[in-house]
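Number of protein chains: 8
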Amino acid sequence: MDVLILMGSDSDADVMSAAGAALNEFGLTWEMTVASAHRSPARVLRLIGDAHDRGVKVFIVGAGAAAHLAGVVAAHTSRPVVGVPIDATALKGVDALLSTVQMPPGVPVATVAIGKPGATNAGVLAAQMIALADPQVARRLVDYKASLEAKVEAAAARLASRKLDR
Amino acid sequence: MDVLILMGSDSDADVMSAAGAALNEFGLTWEMTVASAHRSPARVLRLIGDAHDRGVKVFIVGAGAAAHLAGVVAAHTSRPVVGVPIDATALKGVDALLSTVQMPPGVPVATVAIGKPGATNAGVLAAQMIALADPQVARRLVDYKASLEAKVEAAAARLASRKLDR
Amino acid sequence: MDVLILMGSDSDADVMSAAGAALNEFGLTWEMTVASAHRSPARVLRLIGDAHDRGVKVFIVGAGAAAHLAGVVAAHTSRPVVGVPIDATALKGVDALLSTVQMPPGVPVATVAIGKPGATNAGVLAAQMIALADPQVARRLVDYKASLEAKVEAAAARLASRKLDR
Amino acid sequence: MDVLILMGSDSDADVMSAAGAALNEFGLTWEMTVASAHRSPARVLRLIGDAHDRGVKVFIVGAGAAAHLAGVVAAHTSRPVVGVPIDATALKGVDALLSTVQMPPGVPVATVAIGKPGATNAGVLAAQMIALADPQVARRLVDYKASLEAKVEAAAARLASRKLDR
Amino acid sequence: MDVLILMGSDSDADVMSAAGAALNEFGLTWEMTVASAHRSPARVLRLIGDAHDRGVKVFIVGAGAAAHLAGVVAAHTSRPVVGVPIDATALKGVDALLSTVQMPPGVPVATVAIGKPGATNAGVLAAQMIALADPQVARRLVDYKASLEAKVEAAAARLASRKLDR
Amino acid sequence: MDVLILMGSDSDADVMSAAGAALNEFGLTWEMTVASAHRSPARVLRLIGDAHDRGVKVFIVGAGAAAHLAGVVAAHTSRPVVGVPIDATALKGVDALLSTVQMPPGVPVATVAIGKPGATNAGVLAAQMIALADPQVARRLVDYKASLEAKVEAAAARLASRKLDR
Amino acid sequence: MDVLILMGSDSDADVMSAAGAALNEFGLTWEMTVASAHRSPARVLRLIGDAHDRGVKVFIVGAGAAAHLAGVVAAHTSRPVVGVPIDATALKGVDALLSTVQMPPGVPVATVAIGKPGATNAGVLAAQMIALADPQVARRLVDYKASLEAKVEAAAARLASRKLDR
Amino acid sequence: MDVLILMGSDSDADVMSAAGAALNEFGLTWEMTVASAHRSPARVLRLIGDAHDRGVKVFIVGAGAAAHLAGVVAAHTSRPVVGVPIDATALKGVDALLSTVQMPPGVPVATVAIGKPGATNAGVLAAQMIALADPQVARRLVDYKASLEAKVEAAAARLASRKLDR
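Chains as they are written, first to last, in this note's numbering: chain A, -17 to 148; chain B, -17 to 148; chain C, -17 to 148; chain D, -17 to 148; chain E, -17 to 148; chain F, -17 to 148; chain G, -17 to 148; chain H, -17 to 148.
Note that these hints are calculated values from the structure, not bench results.
Any given hint could be a false lead.
[As the list claims (entries may be wrong)] Some chain F residues close to chain H (C-beta under 7 Å, calculated; not the full set): (1) 20; (2) 21; (3) 47; (4) 48; (5) 57; (6) 59; (7) 88; (8) 124; (9) 139; (10) 141.
Just so it is clear, CB atoms sit at the ideal spot from N, CA and C, and this is done for glycine as well.
All chains, full assembly: derive it from the sequences and hints.
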């Protein structure tokens, strides 16, 4: 398993599955499960330990509200931890963003955008990290970058053919 | 020991000592130390365990930035946890406030105001909790409330005697 | 009656009933009513007085907008007051959060998260306070913590069995 | 006495004295004192009652943090209440602004700008209200408006004569 | 006509009609129209001039976005101007609130809450101002305050009879 | 072609077509396409180069999230660049606004309001710039200003004829 | 005169003189004076009229707090108006930014960054607009862009020669 | 060279040198220079190209205001890019944080905390990434984690020996 995807609640699964979809693009293996920094701290530690045993390279962690989960994982591993703030409260993800990104010196969380765009980017970022030691993933990242450009060209073509409602 | 005061960094000590000063007003015993949810998670658990063994009734926890410490303590105890958000970053304590107050259902942190006023109130709130089982503390809280009123009267007298610069 | 639940408007009842539901888990007795710091201040004082006479241990207070109700209750009691900010305006509860948490030194309000998660936690926090003098409630809190962990395990199992839409 | 100026703490006096200075421009009488909605609620009610007895026409109320004082005054009077949010915490007056302005329907607080500019405007606004029944104050307001324009002209002249550091 | 209600766009009419409804409770006369500080500045001045000629006592002004209308009215009258910030953009009324309340010294706008609660309060506040010279309105304000309290009692009764969904 | 309208994603087309509609009012020619500062940077440079070759006078650029596109265009042209922040994330356009407006000294982006009102204004602003060298556009701007005033009068008439729901 | 620089208060002159300095780089003529949308509205109209008579091409307007001045100028001219939000209150320029940028459709203000960087950019943006009809200014803008790049190279050289304190 | 540190202005060097100091702890080689996405875009591309040629593994990029530099680098590389938002404007780094973290899907920037704590963490995060392919760095990260814990213990000892001013 290359990447373990954790989330604070199963209501985050629709957002976080975008991380898995991105990892699939690079041929990386992953598992996804639920664990709560506050409600099941022992489970979090157990999952981190298992992941270490199985050689997990990167952790991707999504959480909303007082989003401590990514920070707790980062406290217990020296592997990179990518944090996805989730818009799960009245505060629209600002709480999760600040709880995830404002980590104290020594214990980074690589924070990405709020919600689904961030979850996708968490998968891409994990691939970029893993590519440092895996030339095949590195090549796929080059292809992926080209595919982004192609998608923009396709969108431009789509727009050109649209009758815009002015 | 009635109350354990924890803080994420010794730079928080000037703020958090206001909690101790408030506890002194009610004759409560306390100790204060440093522990980091992210840099020394094992120490946090050890301190919580010791505190349980010594019969600590309430935890007061101050932290800045991605302030996870109060939440981590709350994850490992069923005693009340009072959280003091500390203004320690460019974001002026908004990060710490949201990281402390927006806890998920099941694991509350009793959050007070940012900074020194909050630390004072953390001490008062702990006394209010302990007073539920301790009539002497309850009586001191009644006296304390009267003293607040007297201080306002004194401030009013001071203002009346001042030559205001209009 | 162990806990009096107050709210500023009956439109807050759906949120605040989560506090009652949480208190039920710990076998605590409670009543819930409406009172407004601004529109019915005399009623607020009367309710506080009655609550004192009936031995209420903790007040749980929900309010939105310029949420002064918890602070007004705290001004008139030395019992712990738990404040639940409610998302009732265009500002999504930020107004209520700041009006509730930023209390001046001497008069704390134990503030929890905005909305329903906060209301649930208000009930749990009240139970944690009451447990300081009631070993049965303390035991139920230990069970409750275990149940939280079990719910996370159940969510993980549910997620594992789901066909995620990637 | 035309106007009673209240503030939550004597540390607000420098800001709030600007309200008195503005009232002086219109020949209005006023007194200024300290009272806290949270620490001395009985004193607040006593001051409102005295003010009613003495025929006070407008209340001007300054407060910082969870600024409830103006709202509490408005709950107990049908006279206009002008609220001045004060920048007294890490949140730079945002807490006081939202606590003052977001009043529920039925109990308005006429809110002005944060800090000293707001305190000046509280005095002018009180004069505008009183002028509805007092032609002399109305005339002074017309003169005041002219004086504002003259001050802008003077500032323009001052700027024209300055050697700007480019 | 006692009060002129202005708004920046006819899409604000549903919100601002709450101000008229409140004025009706106090037997005050009013008219309501549209004028834009930016798109029809001449119309704004003409309306202010007409209002002065007809003896308007108070202006109530609602506007969203960069809500300048209340400030522009205040620049051209010495009568009290009440500003209602309207939630009309992606920023949920924060833009309108700050544009309305942060007026410079000398030119106050009496700002009330964002949206409909604010519009209601604008009507009540105007009545409070007019009551300084009109004992009948003053008496109606006393009745109004009593009616607010009665409505809270009614809400409490309603809540008591409800089967809450726990 | 007078104006090139760029947007970061074709999902922005409904908002950005308002810019085209505004340009139509002034008889200006424009084209609209998609390009991403991050996903297709080469395409952005190519489009800017083509636009220069074709004598484009003004660029109008809409983008959401970390809205860098307007800034990237401004980095590569000395023609005026108008930036339209788009509400495309949980943060409601605040991210796009700050990413667009807070440009460093030397490389301005003329920023307008978030979303559709801003897109309309982008078209008007481009016309105002082009009118500096084109008297016909200048005349149309005078007519346009008159039409704004007429629309406000029409809205006022519409409001006057409406039965408001109080 | 090419550009008229207006500001709401002479305390803004240090910030706004950066706009003049930038205009100097492009050989443009300008004057700078004080006028307040709220305290001297007649003066504002007079200055706009004079500017039109003298052929002013662009207005640059700086204001803080409820920054209405740029919007008021835009309401009375069809020439481009560049707005500079100024950090003049406890809210650090957020109030001025939103009051300046969130203009309604039809009346744009070309908004730049808060404070001095924004004032510099206001000058550059005005030059970019004027360059649409003035090839000499257009050439100077090309030189200016090159000078920016040279300054970055110089900063890089400076940094390379510095002994950084690690 | 393992890591290239870029910053938008040499005024960011004091903050960003903390990233270099952190990299030193792990025996990693780095260079640091200035480049501006807006003022010197060609230089940015040249530096990225050189870095690729020299086998740079990770980019660390600090920028303030409309902080586009990290995003521009990420647009041109498939190597991981770590973004450090810098508090360089009146908005205290909120602008830089949102401009850095809210990247669109496909082009991640691994964002860390605002300012110096973030710069330190950028270095640690880069080391964690590089450790995926370098066991020696991985071992140093384990030692580093232990040293963080030791520093907390030392801070606790320091606090225990301090005479706190209560």
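Of all the hints given earlier, name the ones this structure violates by number, lowest first.
Going through the list in order, the structure violates hints 6, 8, 9 and 10 and respects the others.
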